[in-house]
Amino acid sequence: MAEINRDDVAHLARLAHIDMNDDELDRMAGELAVIVDSIKSVSEVAGDDVPATSHPIPLSNVFREDVVGETLSNEEALLGAPDNADGRFKVPAILDGE
Amino acid sequence: MTAVTDEVLTFDEAMEKYDPVLGFEVHVELNTKTKMFSSAPNAFGDVPNTNVTPVDLGLPGVLPVVNGVAVESAIKIGLALNCRIAEKCYFARKNYFYPDTPKNFQTSQFEDPIAYDGHIDIELADGTVFRVEIERAHMEEDAGKLTHMGGSTGRIQGAEFSLVDYNRAGVPLIEIVTKPIVGAGSRAPELAKAYVAAIREIVKNLGVSDARMERGNVRCDANVSLKPKGQEKFGTRTETKNVNSLRAVEHAVTYEIQRHAAVLDSGTPILQETRHWHEDTRSTTSGRPKSDADDYRYFPEPDLVPVVTNEAWIEKLRAELPEPPAERRKRLQADWGYSDAEFRDVVNAGVMSSIEDTVAAGVSAAVARKWWMGEISRRAKLADVEPAELGVTPELIVELNALIESGKINDKLSRDVLDGVLAGEGTPAEVVEKRGLAVVSDDGPLLEAIDGALAAQPDVAEKIRGGKIQAVGAIVGGVMKATRGQADAGRVRELILQRLGVEG
Chain A
1 MAEINRDDVA HLARLAHIDM NDDELDRMAG ELAVIVDSIK SVSEVAGDDV
51 PATSHPIPLS NVFREDVVGE TLSNEEALLG APDNADGRFK VPAILDGE
Chain B
1 MTAVTDEVLT FDEAMEKYDP VLGFEVHVEL NTKTKMFSSA PNAFGDVPNT
51 NVTPVDLGLP GVLPVVNGVA VESAIKIGLA LNCRIAEKCY FARKNYFYPD
101 TPKNFQTSQF EDPIAYDGHI DIELADGTVF RVEIERAHME EDAGKLTHMG
151 GSTGRIQGAE FSLVDYNRAG VPLIEIVTKP IVGAGSRAPE LAKAYVAAIR
201 EIVKNLGVSD ARMERGNVRC DANVSLKPKG QEKFGTRTET KNVNSLRAVE
251 HAVTYEIQRH AAVLDSGTPI LQETRHWHED TRSTTSGRPK SDADDYRYFP
301 EPDLVPVVTN EAWIEKLRAE LPEPPAERRK RLQADWGYSD AEFRDVVNAG
351 VMSSIEDTVA AGVSAAVARK WWMGEISRRA KLADVEPAEL GVTPELIVEL
401 NALIESGKIN DKLSRDVLDG VLAGEGTPAE VVEKRGLAVV SDDGPLLEAI
451 DGALAAQPDV AEKIRGGKIQ AVGAIVGGVM KATRGQADAG RVRELILQRL
501 GVEG
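The listed protein sequences correspond, in order, to chains A and B. The opening residue of the first sequence carries number 1 in my numbering; numbering runs sequentially from there. The opening residue of the second sequence carries number 1 in my numbering; numbering runs sequentially from there.
Note that these hints are calculated values from the structure, not bench results. Misleading hints may appear alongside valid ones.
Here's a subset of chain A near chain B, in silico, CB distances under 10 Å, partners left out [claimed, not checked]: (1) 15; (2) 29; (3) 32; (4) 43; (5) 54; (6) 55; (7) 57; (8) 58; (9) 83; (10) 87; (11) 95.
Idealized CB from N, CA, C, for every residue including glycine.
Can you build the whole structure from these sequences, using the hints too?
What follows is the structure, given as structure tokens:
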């Protein structure tokens, strides 16, 4: 059974707000299936005694002191914004008009 | 937007047929100096988009670093909620697109919250104790603040555009999630309010949050479902978002119970969805449909390493916990010997801590209560402030009380002395001196006033001579009036009876 099918890709594309046409969905489903299969071979090597690893480097508890540091100015914060008003980021209507 | 008024049953009708099941997600903003993952200030009310760093704005290439104090605060909350603390836990990305989250994901925790499996005992107004089980408490970050512009109501519906302030983005949040709460019956709304009040009190007492609901420091999402009486299986739930005052929590739960009952009675299934609470109409409206399949594609945050706890660390934090609020109340009531009603009034008046400080400063619990529940509460009500905000210190009460007990002033004069002290005229003793408020204790002027009062009311004097001793009050009143309240009423009474040759 293929781990990734065309519907999965379409679903993920929708969630990620990526427009994909039929050809792209087909191609991507094939490519992702290959990648998933390749990675699956790792599970064959790792036995039951190897837990799933999200962080390969054995580090923990990297904390920061609770001390205020430098911040951006309002102007700097808004520099990359496509639009702004009243010192705030201006974004299009979130709900389509009903 | 078309306003749809939902059908509702009366609360009593709903309760006859259905049992409510509740569940709460309470978000607590921590009062750390900086944010959860950046060193930007965690502050309310500043100029928009100034308490931000590239991390808070989700700019490319930035790396978050965890605020150690926030982690300790999270553990303290977990301990105060009788939770187990995870030996190892991770942060996770919760992915979604919404303009209040500039990174397009919220850094949260998913499978392994820092605290889990706890409980708190909630005491209702009549003393009934109800245990609420805590599923988990996890660390995450707050979102930015959206202001919807162009619509008529400031609501998201009908808005032309929205403005975003990211000062709040990244503020440390602890989300506390209950297990389903079953069996509250008709007390569900009361329990809902009491639960949120208890969480607020606990985090405030821990000192980890300012816990001001009007500022959004404590926010509640209330889940409600109904099941027909006798049925085990839970009904479909709705989640009413951002119910942000204690009264609103009570009202929202009441409303949703009534609405669910009407929907179920009509034979339609409940739609699993989020609901928006409207304070003005005290009702909810439909938000976006929600399903358990909400696909946030959580995955472990690769930029943050795990948090690993150990017993020594946890026990050190446990040792730092203050006495739990409920236990403190029990202890203080027992120490002070107040009746249940007296103590409840003290708590409701918000003067429990003030009384505690005043007793510690050296007066009896009865005297402390007399002041805080009497004169000080009266003044606070007039000024429309909290009693503790009037500037009356425990030391001041001790001094006033000492003046009363030594007979220098009486209760009535002590109010004038308090006036003087609050007006900045000096210590109580100085005010007594300056305003000439001392009780007249020299018998000379008193006798003069007594003779005057007896002469003014000869018929009363006659009655007293004839044995009607209770009539003496009228003469005492006359004397007090003549001395402008500065006489010791007890002494006046004695002298009057002596004067008339009657045995008191």
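Which earlier hints can't be squared with this structure?
2, 3 and 4
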